[in-house]
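> Each chain is listed here by its residues.
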Amino acid sequence: MDIQLKRGLLDVCVLAAIKDKDSYGYQIIKDMKPYVEISESTLYPILRRLESAELLTVRPVEHNGRLRKYYHITESGLERIKIFEAEWKEIMSIYKFVVREGKGND
Amino acid sequence: MTKQQFVLAVCERLGDLPQSVIDGSLDYYCEMIDDRMEEGATEEEAVAAMGTPEDIASQILMETPLPKLVKVKKESSRGLRRWEMVLLVIGSPLWIILLLAAAMIFISVYAVLWSAIVVLYSADLCLAAGAVSGFSAFVLLLMSGWIAQGFLMLAAGLVCAGSAILLFFAFNKITRGAVKLSRWIVLWLKSLFVGKGDKK
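Here the protein sequences line up with chains H and A, keeping their order.
Each residue of the first sequence is one higher than the last, beginning at 1 in my numbering.
Each residue of the second sequence is one higher than the last, beginning at 1 in my numbering.
No wet-lab data here; the hints were simulated from the structure.
Source: prediction; values computed, not measured.
Beta carbons are placed, not taken as given, at the ideal position from N, Cα and C, and that holds for glycine.
Possibly wrong hints are sitting among the right ones.
Unchecked claim - FRET-style restraints, in silico, Cβ to Cβ:
id : chain 1 : residue 1 : chain 2 : residue 2 : range
1  : H       : 5         : A       : 12        : 31 to 39 Å
2  : H       : 5         : A       : 166       : 24 to 32 Å
3  : A       : 96        : H       : 51        : 36 to 44 Å
4  : H       : 61        : A       : 188       : 38 to 46 Å
5  : H       : 95        : A       : 136       : 31 to 39 Å
6  : H       : 95        : A       : 188       : 33 to 41 Å
7  : A       : 96        : H       : 35        : 48 to 56 Å
8  : A       : 108       : H       : 95        : 36 to 44 Å
9  : A       : 178       : H       : 64        : 47 to 55 Å
10 : H       : 76        : A       : 119       : 41 to 49 Å
11 : H       : 64        : A       : 117       : 49 to 57 Å
Excised from the complex, chain A in its bound form (with noise of 0.2 Å):
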């Protein structure tokens, strides 16, 4: 890929974005891939080392802040005509309505997510008190003589000890991947402030 290409496919992905954000990035990776050629590097291999075109622009577009991305899109669509205007106030009470249940469950799906791995590591936490209980009651239970209810008590307790161990690195994975979910929920939402403005 030669840098023309390069920045034409960076631009395309930014869409909408406000031009000196478009333009900044441009100038930093131009530069970048400049200062590579300067020390030998090839034009192919200078725009290579900078990453795929898909990972700068979705970069660019997490590191922009959601209120500048509402901005841009509101500034690029054309004025309101008289009557559309007064369409949104006369059907206020129904997308207001519409509006406030879309972003109710979109928190709540957030808060399912989240809560789910609140209860995930509580079970984990769970099976570690039944392990110390576990191990407690063998303690007690051989102390008063009781030797195979103490040992089935070891038992239990070393069952709860180990699948809690097991279950937090698996928990740890899933948390991993609600992380990323989210991300990419983050980027979807932004990625449709960008890019479809103009498009008539």
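Isolated chain H, as found in the complex (with noise of 0.2 Å):
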């Protein structure tokens, strides 16, 4: 897949991981495993990114004796979310299209 593409994916991705309810990064990983597998080294740039756009914020909670940071999606990052959606539909009536087109030629 494009790279640029499946960057602007993950962080969706990411952001929607996060939507109902605070959660970590490990969390994360595995909530996302059924759809998009992800690695720890390529969810943290991520997640720091999202961080510096104010799309998500950080708090450390203390978790059996030691830290563990959670992450809280911000207003910015559900607007994210819905412009993703927006986008989207777009994407999806362009792609019924060239399958369409495809299909046509057949």
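Two independent chains are provided; combine them into the complex using the hints.
See below:
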């Protein structure tokens, strides 16, 4: 897949993983696993990027005597998901057009 | 590899990056290792799941903007002595030109690389155009009764079409190689600013 496209998709996937409930790194990876495999080293730059874009905030929570970082989606983060949904409708209609053309030529 | 060895290995490769960047990434990976161990993985397995320290360090480096690296390099170097400043000013007509030349060479290499790719695709487009012309000529010549010449054009068109399709895939591979090469150049450029700062 085109690397830029995948990058944009993964950003939204991570936001979607914390949309309903704050979550931490390993949980995000596990939640995404049935849909898209993502490694620890791939997730880290995404979280950093989303944080600096203020699409999510981070807060440390004590867990078993150590600190675990929980990620919380911001208003802009929710807005980003909405934009994605709107964009995706357009992409899906392009996809349908492409597939339809393909079938027509058979 | 234990967690501690892993942390040390990553640290070593990040050299002079800002402490906040190093701490942030190490906190993250330690948390991941701890979480995996809590789920029953052994320390060895949890560390192995993170990937190699080399890959992690180069990924952090790739994600850190170049201006930040340059700033760290500048801050970590000691202040200039007076004679060094004088030398810098006196030598400026020379080193500024050399620096500019180096930058220009770098940009030219980049431009040449991508121009070459544009040329390759243009050649491919010409072949495709040749194929279309060959087929059109075939139809026109047949209609005018020039059968032999028509088939010659058809053959030429087919050769063009075949080469255009085959070369397109080859050029795609070359483009992917060029993207990798330019990523490698950026990484190398960034690595110049990291890791050699305080070794005297």
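> Confirm or reject each hint.
Now for the hints, and whether the structure bears them out:
Between residue 5 of chain H and residue 12 of chain A the beta carbon distance is about 35 Å. The supplied range of 31 to 39 Å therefore holds. For the pair residue 5 of chain H and residue 166 of chain A, the supplied restraint of 24 to 32 Å holds, since their beta-carbon distance comes to about 27 Å. Taking 36 to 44 Å as the suggested C-beta distance range, the pair residue 96 of chain A and residue 51 of chain H conforms, at roughly 39 Å. Distance hint check: the CB atoms of residue 61 of chain H and residue 188 of chain A are about 40 Å apart, consistent with the given range 38 to 46 Å.
For the pair residue 95 of chain H and residue 136 of chain A, the beta carbons lie near 33 Å from each other, so the given range of 31 to 39 Å is met. In this structure the hint that residue 95 of chain H and residue 188 of chain A lie 33 to 41 Å apart at CB holds, the actual value being about 39 Å. Taking 48 to 56 Å as the suggested C-beta distance range, the pair residue 96 of chain A and residue 35 of chain H conforms, at roughly 53 Å. The supplied range of 36 to 44 Å is met by residue 108 of chain A and residue 95 of chain H, whose beta-carbon atoms lie about 40 Å from each other.
Between residue 178 of chain A and residue 64 of chain H the Cβ separation comes to about 48 Å, which falls inside the hinted range of 47 to 55 Å. At roughly 43 Å, the beta-carbon separation of residue 76 of chain H and residue 119 of chain A lies within the given 41 to 49 Å, and the hint holds. Judged by the Cβ atoms, the range 49 to 57 Å given for residue 64 of chain H and residue 117 of chain A holds: they are separated by roughly 53 Å.
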